[in-house]
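Starting from the known structure of chain A, arrange chain B on it as the hints suggest.
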Amino acid sequence: MAENKSFKDNVNGEEIRVGVYVCHCGLNIAGSVDCEEVAKFAATLPHVVLAKDNRYTCSDQGQALIKNDIKEHRLNRVVVASCSPRLHEPTFRKACEEAGLNKYLFEMANIREQCSWVHLYDRKAATEKAKDLVKIAVAKAALLQASEEITVPIIPKALVIGGGVAGIQAALDLADTGYQVYLLEKEPSIGGMMARIDKTFPTMDCSICILAPKMSDVGHHPSIELLTNSEVSDVKGYIGNFRVKVLKKSRYVTKDCSACGECAKACPIVVPNEFDAGLAIRHAIYTPFAQAVPSTYTIDINTCLNKDGIIVCDKCLKACERQAINFDMKPETVELEVGTIIVTIGADVFDPSTLPNYGYGKYPNVITSLEFERLINAGGPSGGHLLRPSDMQHPKRVAFIQCVGSRSDRSGRLYCSNVCCMNTIKDSLLIKEHWPEIEIHVFYVDIRAYGKGFEDLYKRARREGVVFIRGLPAEIMEDKKTRNLWLVGENTLQKELYKMNFDLVVLSIGLEPRKDSELMQRLLTLSRTQDGFFMEAHPKLRPVDAATGGIFFAGCAEAPKDIKDSVTQASAAAARAGILMAKGKVTVEAITPLFDAEKCKACGLCTKVCPYNALTLNKELKRIQVIEAACGGCGTCAAECPFGALTQNHFTDAQITAQIDAVTEHDAEKKIVAFCCNWCAYAGADFAGVSRMQYEPNVRIIRTMCSGRVAPKFVERAFARGAAMVLVAGCHPGDCHYINANIQTQKRVERLWKKMEEQGVDKERLQLLWASAAEGEKFSSKIHEMQTLMEKLALDDITKAKKVFEKALGGD
Amino acid sequence: MPERIKHKPIDEEKVKHPKAEIHILTDQCKGCGFCIQYCPKKVLEESQEINARGVYPPKVVDEDKCILCGFCMAVCPDFAIFVTEKQSEEEAC
Chain A
45 MAENKSFKDN VNGEEIRVGV YVCHCGLNIA GSVDCEEVAK FAATLPHVVL
95 AKDNRYTCSD QGQALIKNDI KEHRLNRVVV ASCSPRLHEP TFRKACEEAG
145 LNKYLFEMAN IREQCSWVHL YDRKAATEKA KDLVKIAVAK AALLQASEEI
195 TVPIIPKALV IGGGVAGIQA ALDLADTGYQ VYLLEKEPSI GGMMARIDKT
245 FPTMDCSICI LAPKMSDVGH HPSIELLTNS EVSDVKGYIG NFRVKVLKKS
295 RYVTKDCSAC GECAKACPIV VPNEFDAGLA IRHAIYTPFA QAVPSTYTID
345 INTCLNKDGI IVCDKCLKAC ERQAINFDMK PETVELEVGT IIVTIGADVF
395 DPSTLPNYGY GKYPNVITSL EFERLINAGG PSGGHLLRPS DMQHPKRVAF
445 IQCVGSRSDR SGRLYCSNVC CMNTIKDSLL IKEHWPEIEI HVFYVDIRAY
495 GKGFEDLYKR ARREGVVFIR GLPAEIMEDK KTRNLWLVGE NTLQKELYKM
545 NFDLVVLSIG LEPRKDSELM QRLLTLSRTQ DGFFMEAHPK LRPVDAATGG
595 IFFAGCAEAP KDIKDSVTQA SAAAARAGIL MAKGKVTVEA ITPLFDAEKC
645 KACGLCTKVC PYNALTLNKE LKRIQVIEAA CGGCGTCAAE CPFGALTQNH
695 FTDAQITAQI DAVTEHDAEK KIVAFCCNWC AYAGADFAGV SRMQYEPNVR
745 IIRTMCSGRV APKFVERAFA RGAAMVLVAG CHPGDCHYIN ANIQTQKRVE
795 RLWKKMEEQG VDKERLQLLW ASAAEGEKFS SKIHEMQTLM EKLALDDITK
845 AKKVFEKALG GD
Chain B
548 MPERIKHKPI DEEKVKHPKA EIHILTDQCK GCGFCIQYCP KKVLEESQEI
598 NARGVYPPKV VDEDKCILCG FCMAVCPDFA IFVTEKQSEE EAC
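Chains as they are written, first to last, in the working numbering: chain A, 45 to 856; chain B, 548 to 640.
Here chain A stands alone, though its shape is the one from the complex (with noise of 0.2 Å):
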């Protein structure tokens, strides 16, 4: 229990013998830190017994000259000087554990992502910062404690949230596994994008045929339970043991209905057909498609004439045999406990009305691809007969017009779509199979076959006829009597301009985040990259894992991808989910409250800004009591504590102090002290690094895991001890990864600048960042600012902040 814990017996007479390594990273690092010298100034550090610098520490011979040195120099503490702990901490930890040290005895320092790839050109004082870094974190790992991590059972559940190709492809792999699975679809019918398309590309396989079976697969299996019109309205708890509550909107017909379809026919409500793009009818109690899965019919309220209870139309009522419809129903919620979670919400379609150069909605022979599917399938509104829509003449001339909504600045949309180009190439075919008179040209900018037999399908399509046009049109005009469209713009290759006349236009749009992804990312604290998809863990070896625990990815949701890839990543996230179901329990990481029964005024401060409830307060021992199972690990009430009597395991309190002294040892005035949570700004940090973005090498980060660890007393701490500037940054409020935690953080900011105005201090050396993992622009350009201010800021206001904050120095 937590009460045994205590995190005074820091002093238990061993000898601290730090061992540093400076990793290379073969020129990442190197070529612009002089990794030899950082490790000559290494082992001039005080508890540093061997100090090495080698290529890649992270191989398997950097691992073993670790494990050698752990045993032969008898290290007690590792710190290794490499990439972000975000990326290698798990390697070296498991590498001394290996050799018989407690993994929470390693640290690290980020030399790569936040130090040698964001000052590229200036390798003197990239150095110098690595230095400190290293510093920091020697500083830190002298007072690392040994722990030893709790583990908590996992449910052998899973949900699936999102019923397209891909969440029922996770569906069926987990079930056939013999997990119990959720599918979760917010449709009457499972099935998604896949079930609305004609063919597939490269290989022309019927859509809705090669799908249908595993739709009817999903129905039938023991082990599925199918959730259609439904939505999570809720979710808590952690990897392993999540509480999900979901809300099963009201369908009216119950399992009784035998889908025999006279209640439709009996319906006088008529509303187009979503699933039909608009373009067929459906009645109020409907079923999507003949396919459907379930097939119970449904109504949509918000059409039927009967709401609110009152029976204004009883026909469909008349006309069901078995009885199976009930106005009476109401929605319900359900709660699930599942062990892990996969999202496989998929994405919504561009929509071109927003580009008035192109008259979408206003011209009615100008239509989407998605409305161009159900048009050419035998099974949509007009029979597998190609229409046009303005007098359902047979079309003689069609264009296809490319990157309709990605890769354009206009469009605010400036990824590649991945599937347009060989949709509309497989489009082209359709048509030329059907109707090989019809004369087709495709506007494009590139044409990406990059898939396996997608170059051939291109081959084909030009084969057959299909002219290729490099040069999007600039505008679509209409001949107002015979509704034709004139295409006018530039062919870029031959350099001549070009004004063509059609007879149908079909734009090639493009797909984009779904509207309510929003709200997954935070019911499932999630992070989005800056196009709008879903972030993986790592994009390279965990591409289908969220960096939250027990959350996985497939399909559109992390990025527009084609059926075989959403396939391949719903069987790999599927596999991802089974192996933590499989080995039946996880080790929660082991930076829980540490607590000093002696300190503690029983004030109940901390109770109440714990995001997980994990806190109570027993008013008859006078102490609180913490529920280790229940902690998230944020340590916002480690930073809430006035008396000192809580402090968060593997982010004590001393340990940031060491961190904080460490960097305002040497030239303090010149620097920022940036507190950055693990999971939102270290990460943004990091990906600013990634891509290369240049910043001054002034800033010096501080990692915790949440922003809401950050106590005053450290901000205050940083000052008297003469920093420049502090920045404390976290994730944008809403986003927090433990709940709500970083509401604190604000509440504290805000309450230290009043301090620093009510004391005369420039209140701007305290800066507030939030910053998600992908907003590494956001991040670099915020140091960017802090330095303009650093610049100008006077030397009075430093002497003055070390006496207004003195206090803070004192106490540790």
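None of these hints come from the bench; they were simulated from the model.
Heads up, some of the hints might be wrong.
Stated by the list, open to error - So the derived list for chain B, only partly shown, Cβ under 10 Å to chain A, looks like this:
#	residue
1	E559
2	P565
3	P587
4	K588
5	G601
6	V602
7	C613
What the hints assert, rightly or not - Dumping the calculated BS3-like pairs for lysine-lysine here, alpha-carbon to alpha-carbon at most 27 Å:
#	chain 1	residue 1	chain 2	residue 2
8	A	K351	B	K588
9	A	K309	B	K612
10	A	K476	A	K559
11	A	K406	B	K555
12	A	K652	A	K280
13	A	K559	B	K589
Idealized CB from N, CA, C, for every residue including glycine.
For chain B alone, kept in the frame of chain A given last:
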């Protein structure tokens, strides 16, 4: 499915709606206005002419809009309104 709908359904005309014939027994109406209020398609409105009972009975605005739900018949306290299906003269279209 969130994308906006920009085109008219192309099979809209193929769906045959039963045509309604609305019969109002004007002088039997006491002018409560229930039929006007409850009609989901807003087919009826108050007429300008006073009936034998000294009230304004409903009149039909647009018979084509009627979907034959029959709710007006159900709510009329005076049995003054009836809707029947019009037998279409030309079956082919």
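Broken hints, by number: 5, 6, 10 and 13
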